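A.B. asks: Throw the hints in and build the complete structure from the sequences for me.
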Amino acid sequence: MDAEFLQTVLLTLKLAVSTTLILIIVGLPIAWFLAYSHFKLKPVIEALVSMPLVLPPTVLGYYFLIAYSPRYFFGEWLVRVFNVRLAFTFEGILIASVVFGLPFMIQPLQSGLRSLPESLREASHTLGKSEIVTFFRVLLPNIKPSLITAIALTFAHSIGEFGIVLMVGGNMPGITRVASVAIYDEVQSLNYATANNYALILFATSFVLLTVIYSINKKRNTWTAL
Amino acid sequence: MIHIDIKKKLLSSEGVMTLEVNTDIQAGALTALFGPSGVGKTTLLRIIAGLTKPDSGIIRCGDQVWFDSERGIDISTQTRHIGMMFQDYALFPNMTVEQNIRFAQDHENRISIQSLMEMLQIAEFAKRRSENLSGGQKQRVALARAIARRPSLLLLDEPLSALDTTMRIMLQDEILKVHRLFGSTTILVSHDRDEVIRLAEHVLCIERGVVTVEGNPQNILSEQSAKERHQIAGQISLIEKQEGGYIVTVKTGDNIQAKVVVGENDIRELSVGDHVRVLSKAI
Chain A
1 MDAEFLQTVL
11 LTLKLAVSTT
21 LILIIVGLPI
31 AWFLAYSHFK
41 LKPVIEALVS
51 MPLVLPPTVL
61 GYYFLIAYSP
71 RYFFGEWLVR
81 VFNVRLAFTF
91 EGILIASVVF
101 GLPFMIQPLQ
111 SGLRSLPESL
121 REASHTLGKS
131 EIVTFFRVLL
141 PNIKPSLITA
151 IALTFAHSIG
161 EFGIVLMVGG
171 NMPGITRVAS
181 VAIYDEVQSL
191 NYATANNYAL
201 ILFATSFVLL
211 TVIYSINKKR
221 NTWTAL
Chain B
1 MIHIDIKKKL
11 LSSEGVMTLE
21 VNTDIQAGAL
31 TALFGPSGVG
41 KTTLLRIIAG
51 LTKPDSGIIR
61 CGDQVWFDSE
71 RGIDISTQTR
81 HIGMMFQDYA
91 LFPNMTVEQN
101 IRFAQDHENR
111 ISIQSLMEML
121 QIAEFAKRRS
131 ENLSGGQKQR
141 VALARAIARR
151 PSLLLLDEPL
161 SALDTTMRIM
171 LQDEILKVHR
181 LFGSTTILVS
191 HDRDEVIRLA
201 EHVLCIERGV
211 VTVEGNPQNI
221 LSEQSAKERH
231 QIAGQISLIE
241 KQEGGYIVTV
251 KTGDNIQAKV
261 VVGENDIREL
271 SVGDHVRVLS
281 KAI
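Top to bottom, those sequences are chains A and B. Everything in the first sequence is counted per this note's numbering, starting at 1 for the first residue and increasing by one. Everything in the second sequence is counted per this note's numbering, starting at 1 for the first residue and increasing by one.
Keep in mind that the hints were calculated from the coordinates and are not lab data. Source: prediction; values computed, not measured. The C-beta atom is built at its ideal place from N, Cα and C for all residues, glycine as well. Worth double-checking, as some hints may not be accurate.
Computed cross-link-like contacts, DSS-like style, restricted to lysine-lysine with a CA-CA straight-line distance of at most 27 Å [claimed, not checked]:
1. A:K42 with B:K53
2. B:K127 with A:K218
3. A:K129 with A:K14
Some chain B residues judged to face chain A by a derived CB distance under 8 Å, without partners named [stated by the list, open to error]:
4. T77
5. Q78
6. G83
7. F86
8. D88
9. A90
10. N94
11. F103
12. D106
13. F125
14. A126
15. R149
16. V276
C.D. replies: The structure is reproduced here in structure tokens:
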């Protein structure tokens, strides 16, 4: 196995693990908010969160490129205040990957929370427990299958992210070149053997993760929206 | 004493209904909210708990204002220091019986969990999860959890509705025992007349969102049940002359027979084949 191959696989893993970790932290409060809030504009937020499911990655990628560009407000502000450029960097593709993975983390969590009887949350409140204590000690432990589904789906999706990474990050070895982009690149160079190795890794990882999700859901007999 | 004077519009099966209650709940007593389902009993209990917000009004527990729409006060459920038993028990599935009860406790006012479990005869299930308990056992755990932090107000929402008669009577005793031992103000929602007469010291009868009558359960509900009539409609199938009067047999469509004693004067207006209505009344 050559160094470049290993470097690309490790970078792919780094992107998927970082995306998943960030999304656990960001996704839990958003899922809680979407499950329980009576905020009037909630449907707008729900729609925004679900946009990556229906939008071509190139559309979002395009907007990210515009946002990152120092010629426009946000990119210029990043350069001026933090001296940071995000286009064609690992941080740049990480942010895009997090946004693109939002629905895969939030939707299973939200439907898991909604499937719990409202009386569980209310009972915890009548016992004097705050929203945070209720969330971590009563709600979250009772939607474990949804949590595992959310984590596995997010990870599996991030590991195979292609369009948005190519748009925002390009194909820079060791920086933004992930396995899915490498497959495309190797095929373009008629290098089928290497492309096949990358493809096998992505295929096996996704297959194992999905099998884990389905067996957990079968064991728990709790069906959560995939 | 808890002073309640609230209004809330509710959507019931018969259209929009206004829940309008103005009453005082006596401290230390067991008060029942009695009435058929869908009249607003549970909503009133939830309003007292702070789980449902009334449209307007005031709720005061002792000196503390819990809700006052004019002054914009609505203190959270967490700070009302109540204990509540839900209709579906709402035991936390991820915790054992003991953990459910321990979760309820603050650092102050601790009752020993062990003695509480022994009192309610659930100590032997301490390590079991709620999904492996029977209805009666769940009810006891829910009661133990509701009183574990010695609430100043205990709210019971149809606590025994899912249980069979024998289990009901046993658990009514447990509720009475707990109420007498801790002396906390208790409000019980029930549509079971016998249960209310057995448990409560005071009853508020609620119909279509308003308290129609309140007072001593024995007087009010025993009287009400005496007034109630049973009736059957049917056709006279036989008239027999007996000593001192007539026996009229009335048959219904379901082939139920009722035999009624009729005097000389009334029998003149009746003949076989007539459609009649028989009313019976408890004396």
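A.B. asks: If a hint holds in the structure, say so; if it doesn't, say that too.
C.D. replies: Status of the hints after comparison with the structure:
| no. | hint | result |
| --- | --- | --- |
| 1 | A:K42 with B:K53 | 21 Å, holds |
| 2 | B:K127 with A:K218 | 25 Å, holds |
| 3 | A:K129 with A:K14 | 38 Å, violated |
| 4 | T77 | 4 Å, holds |
| 5 | Q78 | 5 Å, holds |
| 6 | G83 | 7 Å, holds |
| 7 | F86 | 5 Å, holds |
| 8 | D88 | 6 Å, holds |
| 9 | A90 | 4 Å, holds |
| 10 | N94 | 4 Å, holds |
| 11 | F103 | 7 Å, holds |
| 12 | D106 | 6 Å, holds |
| 13 | F125 | 19 Å, violated |
| 14 | A126 | 18 Å, violated |
| 15 | R149 | 7 Å, holds |
| 16 | V276 | 50 Å, violated |
Consistency note: the structure conflicts with the earlier hints numbered 3, 13, 14, 16.
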